[in-house]
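J.: Start from the sequences, fold in the hints, and give me the full structure.
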Amino acid sequence: MSARRFRSVGVDPATGKEAFVVAQPGGFLEELADAHALKAAAVLATVVGAVLEGGTASDVELAAFVPSLHAALEECVGIMAAGRNGV
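Just add 26 to the spot in the sequence shown (first one is 1) and you have our numbering.
The hints are simulated quantities; they were obtained by calculation from the structure and are not laboratory data. Cβ coordinates follow ideal geometry from the N, Cα and C atoms, glycine included. Treat the hints with care, as some may be off.
[To be verified] Beta-carbon label-pair distances, calculated as ranges: (1) C102 - V47: 15 to 21 Å; (2) G81 - A40: 37 to 43 Å; (3) V103 - F46: 17 to 23 Å; (4) D85 - D38: 34 to 40 Å; (5) V47 - V86: 18 to 24 Å.
T.: The following block contains the structure:
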């Protein structure tokens, strides 16, 4: 990703705290952050899909997913754009 910002690389199992990095484009940490973002987006998509299939969630409950879905989509689009630009 071309934007220099904090990226999550997962949770430290020893402390339970989320680890963030400012990754260099094309580097190992960027690859790790990309993999973490894609895995998190896949899990979120699975959870939201299951809730939608259940058909019993209220509009308020469904709206609670919007910020997380937006963040995951934005992260995935950024990953795709960086790959396309050769960064």
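J.: Next, verify each hint and record whether it holds.
T.: Evaluated hints:
no.: 1; hint: C102 - V47: 15 to 21 Å; verdict: holds (18 Å)
no.: 2; hint: G81 - A40: 37 to 43 Å; verdict: holds (40 Å)
no.: 3; hint: V103 - F46: 17 to 23 Å; verdict: holds (20 Å)
no.: 4; hint: D85 - D38: 34 to 40 Å; verdict: holds (37 Å)
no.: 5; hint: V47 - V86: 18 to 24 Å; verdict: violated (35 Å)
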